[in-house]
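Peer 1: Listed below, chain by chain, are the residues.
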Amino acid sequence: MAERKDDSLLELFIFETLQNAQQLEKIILDTGAGDRFSEVAINEIFRIMHTVKGSAAMMSYSHISSLAHKIEDLFFYIRETPDAEYDIGTVSDFVLSFIDFINEEIEVIKSDGEQDAERAEELGKDVEKYLSMLKNEGQAEGAQAVKSAEAAKGVPAAAESAGYKVTLFFEDGCGMENIRAYAALLEIAEYAKIVSFIPADIEENDRSAEEIRKNGFTVYFESEASYDELQTRFENIPLVHEVVLTKAENEGVALDDTAMPAAEPDNRVKTEAKDQAEANTEIVAIPQAAEKAASQNGSQDSRKTEAHQPTQSIISVHVSKLDKLMNLVGELVIAESMVVENPDLKGMQLPSFQREAAQLHKIVDEIQELVMSMRLMPLATVFQRTNRIVRDMSRKLGKQVKLKITGEETEVDKNIIEHLSDPILHLVRNCVDHGIESREERIAAGKPEAGTISIEAYSAGSYVYIIVSDDGRGLDKQKILEKAMRNGLLKKSPESMTDKEIYNLIFLPGFSTSETVTEFSGRGVGMDVVMQSIGTIGGNVSVDSTPGQGTSIMMKIPLTVAIIDGMNVTVGDRLFTIPISNIRESFKPDLKNVFRDPDGREMVMVRGECYAIVRLHEIWGIETSVTELSDGILVMVEQEERRRCIFVDSLIGQQQVVVKSMPELIKRSKLAEGFAGCTLLGDGSISLIFDVSWLVSFDI
Amino acid sequence: MYTVLVVDDAAFMRLAIKNVLEKNEFKVVADAKNGVEAIQKYIEFKPDIVTMDITMPDMSGIDALKKIREYDPNAKIVMVSAMGQERMVKEAILNGAKNFIVKPYKEEHIVQTLRKVAAEN
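First to last, the sequence lines map onto chains X and A. Going by the working numbering, the final residue of the first sequence carries number 700, and the count climbs one at a time with no gaps. Going by the working numbering, the final residue of the second sequence carries number 1121, and the count climbs one at a time with no gaps.
A couple of the hints might just be wrong.
Said to hold, decoys possible - With a cut-off of at most 20 Å between alpha-carbon atoms, the simulated SDA-like pairs for lysine to any residue come out as follows: (1) K491/X to G474/X; (2) K1090/A to S697/X; (3) K1076/A to R79/X; (4) K214/X to E1086/A; (5) K1090/A to D201/X; (6) K1090/A to A189/X; (7) K1023/A to V1111/A; (8) K1103/A to E1022/A; (9) K491/X to S697/X; (10) K1090/A to D206/X.
Since the hints were derived computationally from the structure, they do not count as laboratory data. No experiment lies behind these values; they were computed from the predicted model shown.
Make the full structure from the sequences, and use the hints.
Peer 2: Structure, rendered in structure tokens:
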């Protein structure tokens, strides 16, 4: 059936459902250790289940909707029976299994595969069984509320029943529209099976009356009754002023207004009914007060059009479009400087051109900033997933683990987020599996029973730092050394290695400290994968550990990789770009401060500190007339508190440059060492961008 | 012609409702100023419809509704409520009230509501 559905509808369904699943997961995980769900959580879960049920039913994914329905029932019972003795763990497991099920089914739907109705049924039965057990335990009084509520849910539909959508508009000024809607719902439930209704919060939120006044009250339901019969029934509801009844044949044409705004036909007026008949949709508006309708026809149409297009302040855009836009903006930045710094204009007095050029620059700058910000996503999307891992693993491993997340609002480029997800999840898994000790062990060590894993993110300069740490047993130096030795990874004698060097061994390919392979971590991939992933986005990883107190792993990641502020310099006839963020200062050296250290390396003393001098022309064998320090200029660069002074012929100027990666062929050779990429300058010449971390660390 | 029992603790409201109804096809056969009285009058007059205020001394409209429905499960009772009584109206509906009107109401609203409720079978 899926292939017959409109693609954009399906995409929206998938998008929304996944979002709902994610939110559901967040609620469950936020609920955490308590023994009951908060009222807010219950209502929210109830609402989400409801939405998922409704949209899945509209898309004819009946197994998803029926499972959602069963869980909804369970939460309904919990909500209406304040003293229900449910086990929060079991109920959470149901919801989480449901989320897993949805995630997997969505994958299946995407790939047009076979849907797993059996699993839905199985899970559904478990939920039902649990619910009936709860009900039996509950008192008779509690059951009463559920019964009346179940009346609202409706009778099971027979196989022949058809799907309908009805929107009821109540008389102006009749008051309590939400309660009216509720009453109508109870009535409809007597002869139809209610699938969903909008607004969904009529019972608990009296402000929904406002929405009903504006957009009417929409109910999706299934019924065996004929169209005319239904129409009459609706018209007979007191104070209903207008009924818009639509029959949806199996296509699932009638869609959830709020869930699928893009798919909503604009005009739901009677004149269109014929035109749309071929789309298997019958749309009829029958105003009850005919004379009123005649005089207000125009205004009513527009009101309804409005009603079906809820205002949205967020749209989703395909990432490929953003990527393209980003590329184009890159080109725009280059083109701008090509025009403004065009050699043809050299030496000309062009005051008005300069003024306009400045304006152009300002606008281009703003566009660029905007596009970059559009690509930024909060780390929360990645961090949230760790909640689930910690919960699942700690339950399975019988450890108590608290997860502390800070700085989840820190934003980084989407491209970078994608590379971060796996490493972070891996690190967290490691923490729970290997880092945190068992309860007994912790008690014996005089630590709090529950271990703590904290994930912290903050941005500083053009970098984002993410630190994953635990208060577990810490890394075992001896074990690391033994293992490294066994795997032939040691290059130095163990005695001469610092703690940090030993810890860093865990990042080497082929190293894994876990002796046993568990379900969660230690599947043969280790910290080297983390290192690699972070490396590809230009970041780096370091580890720190204190035996008995825990381990912390810090990742340093560039905010964005696309456009940087650079300082262009020349060496001979070559052009190079140094990222401004790495430059401390530039100066003409005073020769009396220049000397050689015992190893013969050239050093310069600046304000009492010594820095090594890097002669670029010597490293790359560039011919230049500037070989005396007094003729050129020194640029002090810094990376991770390591500084060196780079000797260049001259500074050309500061400019924003678009970082392009080196051609694959060059990247694979040793030639690219020392460079982070290249860029095109305004005059069309190519400049190589330094990799400052290499500049400050290579052996002189 | 439908017979109506008007229940409200305020004489003004009883009269106002009576005036509206008797301009139309309704006959107010009795009125009551609290829940206890409402039950007695219902049993005595067997009206087609009852309009029932919610907040009244002695016995609230909801309790009276429950008692009347106990006595006659087919009793057609329309609640008369004020803004802000959403919870109580909901409770009334769950307990078998046919519908409700909200004070201040428009004349045609109360007439339409009673007309439709009366026509139900």
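Peer 1: Each of the hints needs a verdict: does it hold here or not?
Peer 2: Hint check:
The suggested pairing of K491/X with G474/X is violated, with an alpha-carbon distance near 24 Å, which exceeds 20 Å. Restraint check for K1090/A and S697/X: the C-alpha separation of about 74 Å exceeds 20 Å, so the hint is violated. Restraint check for K1076/A and R79/X: not satisfied, since their Cα atoms lie roughly 30 Å apart, outside the 20 Å limit. Between the alpha carbons of K214/X and E1086/A the distance comes to roughly 19 Å, so the proposed pair stays at or under 20 Å and holds.
For the hint linking K1090/A to D201/X, the alpha-carbon distance of about 14 Å falls within 20 Å, and the restraint holds. The straight-line distance between the Cα atoms of K1090/A and A189/X is roughly 16 Å, inside the 20 Å bound, and the hint therefore holds. About 10 Å separates the Cα atoms of K1023/A and V1111/A, which keeps this hinted pair within 20 Å; it holds. Between K1103/A and E1022/A, the direct Cα distance comes to roughly 19 Å. Compliance with the 20 Å bound is thereby established for this hinted pair.
For the given pair, K491/X sits about 19 Å from S697/X by alpha-carbon distance, which is consistent with the 20 Å threshold. Taken as a hint, the K1090/A and D206/X pair is honoured in the structure, with Cα atoms around 11 Å apart against an allowance of 20 Å.
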